[in-house]
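Undergrad: What follows is each chain in one-letter form.
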Amino acid sequence: MSHVLTTLYAEDEMDIRQVTELALEDEGFELISCSSGEQALDLAKKTKPDLILLDIMMPGMDGPTTLKKLRELAHLSDTPVIFMTAKVQLSEVAEYKALGAIGVISKPFDPMQLADDIRNLYESRND
Amino acid sequence: MTDTKLSKATKLRALQDIFIKELPSRLDAIEKMWNEGKVGKVEFHRLIHSLSGSAGTFGFSLLGDVACEIELLIKQQNGSAASPELNTAIEQALLKLQKIAEKGPDDLKPVGEMLSTPKYINTEESALIYVLEDDVNLAKEIQQQLQHFGYAVELFHNTNELRAGVARQLPDALLADIHLPEASDAGPRAAAELNMKEGKSVPVIFTSGHNTWEDRLSAVRAGGQAYLSKPINFALLVEQLDSVTGRKQESDYRILIVDDTLLLAKHYAAVLGEAGMQTEVLNHPDKILDVLAVFRPDLILMDIYMPDCTGIEAAQVIRQHSAYTNLPIVYLSTEKALDQQLEALHVGGDDFLQKPISDRHLIAAVRIRARRFREISRSMNRDGLTDLLNHINLKLALEREVSQAQRRNAVLTFVMIDIDHFKSVNDNYGHPVGDQVIKSLARLLSQRLRKGDIAARYGGEEFAVILPDTSVKDAYRLINDLREQFAQIVYNHIDGDFSVTFSAGIAACQSSTDMESLVAEADSALYDAKSIGRNQVVIAKTEPDD
Numbered sequence: 000m001s002h003v004l005t006t007l008y009a010e011d012e013m014d015i016r017q018v019t020e021l022a023l024e025d026e027g028f029e030l031i032s033c034s035s036g037e038q039a040l041d042l043a044k045k046t047k048p049d050l051i052l053l054d055i056m057m058p059g060m061d062g063p064t065t066l067k068k069l070r071e072l073a074h075l076s077d078t079p080v081i082f083m084t085a086k087v088q089l090s091e092v093a094e095y096k097a098l099g100a101i102g103v104i105s106k107p108f109d110p111m112q113l114a115d116d117i118r119n120l121y122e123s124r125n126d
Numbered sequence: 000m001t002d003t004k005l006s007k008a009t010k011l012r013a014l015q016d017i018f019i020k021e022l023p024s025r026l027d028a029i030e031k032m033w034n035e036g037k038v039g040k041v042e043f044h045r046l047i048h049s050l051s052g053s054a055g056t057f058g059f060s061l062l063g064d065v066a067c068e069i070e071l072l073i074k075q076q077n078g079s080a081a082s083p084e085l086n087t088a089i090e091q092a093l094l095k096l097q098k099i100a101e102k103g104p105d106d107l108k109p110v111g112e113m114l115s116t117p118k119y120i121n122t123e124e125s126a127l128i129y130v131l132e133d134d135v136n137l138a139k140e141i142q143q144q145l146q147h148f149g150y151a152v153e154l155f156h157n158t159n160e161l162r163a164g165v166a167r168q169l170p171d172a173l174l175a176d177i178h179l180p181e182a183s184d185a186g187p188r189a190a191a192e193l194n195m196k197e198g199k200s201v202p203v204i205f206t207s208g209h210n211t212w213e214d215r216l217s218a219v220r221a222g223g224q225a226y227l228s229k230p231i232n233f234a235l236l237v238e239q240l241d242s243v244t245g246r247k248q249e250s251d252y253r254i255l256i257v258d259d260t261l262l263l264a265k266h267y268a269a270v271l272g273e274a275g276m277q278t279e280v281l282n283h284p285d286k287i288l289d290v291l292a293v294f295r296p297d298l299i300l301m302d303i304y305m306p307d308c309t310g311i312e313a314a315q316v317i318r319q320h321s322a323y324t325n326l327p328i329v330y331l332s333t334e335k336a337l338d339q340q341l342e343a344l345h346v347g348g349d350d351f352l353q354k355p356i357s358d359r360h361l362i363a364a365v366r367i368r369a370r371r372f373r374e375i376s377r378s379m380n381r382d383g384l385t386d387l388l389n390h391i392n393l394k395l396a397l398e399r400e401v402s403q404a405q406r407r408n409a410v411l412t413f414v415m416i417d418i419d420h421f422k423s424v425n426d427n428y429g430h431p432v433g434d435q436v437i438k439s440l441a442r443l444l445s446q447r448l449r450k451g452d453i454a455a456r457y458g459g460e461e462f463a464v465i466l467p468d469t470s471v472k473d474a475y476r477l478i479n480d481l482r483e484q485f486a487q488i489v490y491n492h493i494d495g496d497f498s499v500t501f502s503a504g505i506a507a508c509q510s511s512t513d514m515e516s517l518v519a520e521a522d523s524a525l526y527d528a529k530s531i532g533r534n535q536v537v538i539a540k541t542e543p544d545d
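Chains A and B are the protein sequences, given in the same order. No gaps in the numbering here: position 16 of the first sequence is 15 in numbering that gives the first Met the number 0, and each next residue is one more. No gaps in the numbering here: position 184 of the second sequence is 183 in numbering that gives the first Met the number 0, and each next residue is one more.
Each hint should be verified, as a subset may be incorrect.
As the list claims (entries may be wrong) - Once the Cα atoms are required to be at most 27 Å apart in a straight line, the calculated DSSO-like pairs of lysine-lysine come out as:
no. : chain 1 : residue 1 : chain 2 : residue 2
1   : B       : K74       : B       : K31
2   : B       : K74       : B       : K40
3   : B       : K95       : B       : K37
4   : B       : K40       : A       : K67
5   : B       : K438      : B       : K540
6   : A       : K96       : B       : K540
7   : B       : K102      : B       : K10
8   : B       : K472      : A       : K67
9   : B       : K74       : B       : K98
10  : B       : K472      : B       : K422
11  : B       : K74       : A       : K96
12  : A       : K96       : A       : K67
13  : B       : K139      : B       : K438
14  : A       : K67       : B       : K74
15  : B       : K229      : B       : K102
16  : B       : K529      : B       : K438
17  : A       : K96       : B       : K472
18  : B       : K10       : B       : K139
Because the hints were derived from the structure by calculation, they are not lab data.
The following block holds chain A by itself, in its conformation from the complex:
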């Protein structure tokens, strides 16, 4: 049985954040959510998540920048990161993976499928 994944989650849009929280609750995720890259960075200093979930396009610090800053924290240097973003092309996926993400969840997503999708990305990260 897979263990509960403590997940740090940053998304600026409230409605999407709520859907994600709902979609992941009771599905083996312990969500620490916030609404910006800056907040994510703050929270990251106080905790050691198993997984980081970042929206790409956020005002202020965007997803990729947040990732770069998070990587500077020693205890998060190799924590798996998943990006979320609207309508991705395969080429973009490659680009985001090159930044060190283990995968990309494309929006719009199916809330009922989200937990499985994230879990799959997490489990197959070392393939």
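Starting from the structure of chain A, add chain B where the hints point.
TA: What follows is chain B alone, placed relative to chain A:
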């Protein structure tokens, strides 16, 4: 659906309601910024982007698509000086946005059951099948099996539940048990009611535990398209569903029109386009070979008299290429003299249509020939059992894809798949059952692959898949998924149900790989997969490309 999932669906519904409530003010904000000329502003982009990402999740997938279009336009505009054309395009798209929003969610299913766009797979919507079956375990099994083949399935255990389901959304097909505990003819009655009330025809397939004349008759009377006795043969069921839901639908016929009179050519294009065909117009034959290669028409409509080169000469040039020997060429001309007509046909034309021609006549003449051409080339290029490409055409396709990938400097993977212990399937259950196994794997492949991906029957129980723009890692994930899915398909036989597995080898195309060595690499990876125990996917070891 489990209880927690059900309660989640309710909560999601509540979030959807909030989204719907807030949508008008979001659209107003967008409109306001647009009117104030803030199209280049980040805030404007953000509003659109956010809609593009969230609308689909809340049941407004059309709205999301349009928002995505607008986002692309904005990106284009930011990249260059604002052009009036782009502005008009954005303006029109914004209007479309308003209109779509007024219509409400396009997806009336509960939010939780919405189909997301799978990450790899073709974006075609799954057909929705309603299953009316009182046996809970059997219903679940049907659901699982059909999902393997890409169908969305909802279960109903009695006619009341079904009624509620139908009120919510019409399915693409209904699979109904004839005998339900509530009444011996409840299944047929529910089916008849469904089709009577909706005034539409939802195809119905009946299942029954008793293979009797009465049952079959009541199925026919209730408008059943097919009748399956239990235990259900899933391979057969999927075939029936494919055919009643029109999943085997043909793509539009492609017609190339060559005429130096542009006005006329455009008129023909409009007439044929109206009749559901795709057209391409050339007003000079000199580019015809390039266009043939790209557009791959099912028929050429050719004017006879053109300056520089006559239609007859152009036809001769086309016929010099063996790939186009069978492509129908139909001349359009005012030519009335029989001798002239015969000469034209003699050198490679297929038929003669006289100008002026009525629209109906044109459509019929073109459609009949295009259809026949499709049928002939299908039977030549495709494997009869599976409808996948045959060996020869796989090689041709692979050659083309490899050279294209290398030219574009893109990744490409090639996969060889072989069904494990297939001989013993044939030996134990007979060849017809073996054929079913082959068909179901073919069906699974065509279902899961994207447009652009190519699947072929390489021979016997061997399949090949070309995956352009796909890394080895992504290909592995996809094929391994398919492997798991295939292993879960249950085949029914009097001697007991059984399942089958496959092994696969994956090879990546490097910048210097030629087609033959790519095939050899995938083949040897497949051999490795077989020798280390079968039912697995192995990636070919490659020398790194310099």
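Undergrad: Which numbered hints are broken by the structure, listed smallest first?
TA: 5, 10 and 15
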